[in-house]
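Could you slot chain Z onto chain S? The hints should help.
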Amino acid sequence: MPTPVTSEVAVLDGQAGSAQALPDFSSEAYKDAYSRINAIVIEGEQEAHDNYISLGTLIPEQADELARLARMEMKHMKGFMSCGRNLGVEADMPFAKEFFGPLHGNFQTALKEGKVVTCLLIQALLIEAFAISAYHIYIPVADPFARKITEGVVKDEYTHLNYGQEWLKANFEASREELMEANKVNLPLIRSMLEQVAKDAAVLKMEKEDLIEDFLIAYQEALEEIGFTSRDIARMAAAALSI
Amino acid sequence: MFGLIGHSTSFEAARRKASELGFDHIAEGDLDVWCSAPPQLVEHVEVTSATGRTIQGAYIDSCFVPEMLSRFKTARRKVLNAMELAQKKGIDITALGGFTSIIFENFNLLQHQHVRSTTLAWERFTTGNTHTAWVICRQVENNAPALGIDLKKASVAVVGATGDIGSAVCRWLSSRTGVAELLLVARQQKPLEELREELGGGRILSLEDALPEADVVVWVASMPRTLEIDTSRLKTPCLMIDGGYPKNLDARVAAKGIHVLKGGIVEFFTDIGWSMMEIAEMEKPQRQMFACFAEAMLLEFESHHTNFSWGRNNITLEKMDFIGGASVRHGFTTLNLQGLPQAAVA
Chain S
147 MPTPVTSEVA VLDGQAGSAQ ALPDFSSEAY KDAYSRINAI VIEGEQEAHD
197 NYISLGTLIP EQADELARLA RMEMKHMKGF MSCGRNLGVE ADMPFAKEFF
247 GPLHGNFQTA LKEGKVVTCL LIQALLIEAF AISAYHIYIP VADPFARKIT
297 EGVVKDEYTH LNYGQEWLKA NFEASREELM EANKVNLPLI RSMLEQVAKD
347 AAVLKMEKED LIEDFLIAYQ EALEEIGFTS RDIARMAAAA LSI
Chain Z
-10 MFGLIGHSTS FEAARRKASE LGFDHIAEGD LDVWCSAPPQ LVEHVEVTSA
40 TGRTIQGAYI DSCFVPEMLS RFKTARRKVL NAMELAQKKG IDITALGGFT
90 SIIFENFNLL QHQHVRSTTL AWERFTTGNT HTAWVICRQV ENNAPALGID
140 LKKASVAVVG ATGDIGSAVC RWLSSRTGVA ELLLVARQQK PLEELREELG
190 GGRILSLEDA LPEADVVVWV ASMPRTLEID TSRLKTPCLM IDGGYPKNLD
240 ARVAAKGIHV LKGGIVEFFT DIGWSMMEIA EMEKPQRQMF ACFAEAMLLE
290 FESHHTNFSW GRNNITLEKM DFIGGASVRH GFTTLNLQGL PQAAVA
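So the protein lines, in turn, are chains S and Z. Just so you know, we're using the numbering used here here: the first sequence kicks off at 147 and counts up by one. Just so you know, we're using the numbering used here here: the second sequence kicks off at -10 and counts up by one.
Just chain S, with the same shape it has in the complex (with noise of 0.2 Å):
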């Protein structure tokens, strides 16, 4: 494509070079907000290893395999309270069970329905994608120490997202109804939380346009790996998109 540089393009020309200023981990306002994110990373933890071990009770023959997803959401919550410690800060715990409580009320309404799929895709998807594009924008502002942890555990998240994907893929046709409708119920809780969380993770530098946009692409990902058309999945994640 041609090279012009136009008026408005030349004038961001200095900014290109510069790395990304790290926050300083130190101060008040940093901990402060961290109290709430670091809580709600742990609580996403803990709830995650919950719900893999009751989807274990609705998909008996993978029990197993859940256990062992759900044992390492256990290695991730340790994990992300060190980090806490490591920055002297304490986990604001009662905000983040509210922070989840909506999301987590749909999961055990549809596990006493036994659905399988809306479980799935509220903890599988939804929940993982969050995760994954979350800690992707965290890992380059975090602290060195809270940095090798979340690379670590990025990398099983991606495990776990893709359990979903198997076996929502392997039912596609049978889970397609219910796939919609939980979307379109549990997408925009998402979204508001997204929003709840943002003024916060803007002051870690995540800013809230990346993170909507990251989780985006992983969840639509998702969804075209299990078998929806890329118009389906445009009118799907509409739901994120117009708040």
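Hint data in this document are derived by calculation from the structure and do not stem from the laboratory. Possibly wrong hints are sitting among the right ones.
[What the hints assert, rightly or not] Now the in silico label distances, taken between C-beta atoms and shown as ranges:
1. S:K315 with Z:T305: 43 to 53 Å
2. S:M220 with Z:N237: 55 to 65 Å
3. Z:Q100 with S:G260: 46 to 56 Å
4. S:A175 with Z:P201: 52 to 62 Å
5. Z:E35 with S:A209: 42 to 52 Å
6. Z:R318 with S:P290: 52 to 62 Å
[Claimed, not checked] Straight line, CA to CA, 20 Å or less: simulated EDC-like cross-link-like pairs of lysine to aspartate or glutamate:
7. S:K301 with Z:E73
8. S:K354 with Z:D21
9. Z:K77 with S:D289
10. Z:K78 with S:E371
11. Z:K78 with S:E353
12. Z:K78 with S:E312
13. Z:K77 with S:E367
14. Z:K62 with S:E355
15. S:K315 with S:E371
16. S:K345 with Z:D21
17. S:K330 with Z:D13
18. S:K330 with Z:E17
19. Z:K62 with S:E353
20. Z:K77 with S:E353
21. S:K354 with Z:D19
22. Z:K62 with S:D356
23. S:K354 with Z:E56
24. Z:K6 with S:D378
25. Z:K78 with S:E367
Backbone N, C-alpha and C fix where the C-beta goes; we use that ideal spot for every residue, glycine too.
Positioned in the frame of chain S, the structure of chain Z alone reads:
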């Protein structure tokens, strides 16, 4: 498979297109919604060359719109995410269209090779600048004589002479066409002097001084919004090739004897069954396209999977010969002035 990464020419155009495609929720969203919208592979296409070779391609809309240029991080993310998508889709060679390559170059995205868990393989991408430069040169060679301009006696001004395309155009014009004189115009003095040394000729001038002397002006730099061109000082006839992006020269120099030609545009010999080219606002969207897009198609036709055009000032005459030969062979012609008798295309 070849790929094209493109975008709409404005936010309004992007919304219209999304609405046409049935993506109403996104179409109705404001600019913030678009800033968070992931890239989309919107169309697959099959193209058969004049030689009979058939290839597959895909069009990726980065969901970037020019209104995002002032948001540096957004623009950067749009480009990198679109490139990641192209690579994940297994596309062998993808052209960076419109602002995509400009953002890539100006924001130095070479230092952002890692996008989440993907390491971008640069050899899968091309700026398409070699083909663009070749097409612009052919447009000069074909259209100047049609206006009665003899290149052997003509002065050709290249505005943006030190850029990737500009320097390639200078190389070609000075060694292949025997133009009487090259007038070299660019912002920075040092690269201009180096270019003149490399070319073994050419005169360095300011834009203001160059324009009244030029029989042909090749614009490969965009103009500041405030730039006004005094058409009464221009030679007549004068051939102006608008090789910049976006193309906005026409209205500024409308005057008798001044002939503006959209530069770096090619036309395929037959209709291509795609719908996305409409967003590039071509006159014949089924056949016409930016030469940079066509470069990805040519590299696929030739099974030449490599970042053929990459970095700055790497375009050699040999590369221009290769891509130009392929362009003709596979059925592309360069866009010419309308209503004038045309010389044969190379």
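Here is how each hint holds up against the structure:
Checking the proposed 43 to 53 Å range against K315 (chain S) and T305 (chain Z) shows it holds: the Cβ atoms sit about 48 Å from each other. In this structure the hint that M220 (chain S) and N237 (chain Z) lie 55 to 65 Å apart at CB holds, the actual value being about 59 Å. Separated by about 51 Å at the C-beta atoms, Q100 (chain Z) and G260 (chain S) satisfy the suggested range of 46 to 56 Å. In this structure the hint that A175 (chain S) and P201 (chain Z) lie 52 to 62 Å apart at CB holds, the actual value being about 60 Å.
Distance hint check: the CB atoms of E35 (chain Z) and A209 (chain S) are about 47 Å apart, consistent with the given range 42 to 52 Å. Distance hint check for R318 (chain Z) and P290 (chain S): the Cβ-Cβ separation is about 55 Å, which falls inside the suggested range of 52 to 62 Å. For the proposed pair K301 (chain S) and E73 (chain Z), the alpha carbon gap of about 18 Å is at most 20 Å, so the pair holds. Between K354 (chain S) and D21 (chain Z) the alpha-carbon distance is near 10 Å, which keeps this suggested pair within the 20 Å criterion.
A hinted pair counts as satisfied when its Cα atoms are at most 20 Å apart, and K77 (chain Z) with D289 (chain S) does not qualify at roughly 30 Å. The hinted pair formed by K78 (chain Z) and E371 (chain S) meets the criterion: a straight-line CA distance of about 12 Å does not exceed 20 Å. Restraint check for K78 (chain Z) and E353 (chain S): not satisfied, since their Cα atoms lie roughly 27 Å apart, outside the 20 Å limit. Our distance criterion of 20 Å between C-alpha atoms is met by K78 (chain Z) and E312 (chain S), whose separation comes to about 19 Å.
At most 20 Å may separate the alpha-carbon atoms for a hinted pair to count; K77 (chain Z) and E367 (chain S) meet this at roughly 10 Å. A hinted pair counts as satisfied when its Cα atoms are at most 20 Å apart, and K62 (chain Z) with E355 (chain S) qualifies at roughly 10 Å. Pair hint K315 (chain S) plus E371 (chain S) holds up; C-alpha atoms about 7 Å apart against a cutoff of 20 Å. Between K345 (chain S) and D21 (chain Z), the direct Cα distance comes to roughly 16 Å. Compliance with the 20 Å bound is thereby established for this hinted pair.
At roughly 16 Å between alpha-carbon atoms, K330 (chain S) and D13 (chain Z) fall within 20 Å of each other, so this suggested pair holds. Annotation: proposed proximity of K330 (chain S) to E17 (chain Z) holds, straight-line Cα distance about 18 Å (limit 20 Å). Of the pairs offered as hints, the one joining K62 (chain Z) and E353 (chain S) holds, with about 10 Å between alpha carbons and a cut-off of 20 Å not exceeded. Taken as a hint, the K77 (chain Z) and E353 (chain S) pair is broken in the structure, with Cα atoms around 24 Å apart against an allowance of 20 Å.
For the proposed pair K354 (chain S) and D19 (chain Z), the alpha carbon gap of about 15 Å is at most 20 Å, so the pair holds. Straight-line distance between C-alpha atoms of K62 (chain Z) and D356 (chain S) comes to about 9 Å, which keeps the hinted pair within the 20 Å bound. Restraint check: the Cα-Cα separation between K354 (chain S) and E56 (chain Z) comes to about 19 Å, which is no more than 20 Å; the hinted pair holds. Proposed proximity of K6 (chain Z) and D378 (chain S) is supported: the alpha carbons are some 17 Å apart, at most 20 Å.
With a C-alpha separation of about 11 Å, the suggested pairing of K78 (chain Z) with E367 (chain S) holds against the 20 Å cut-off.
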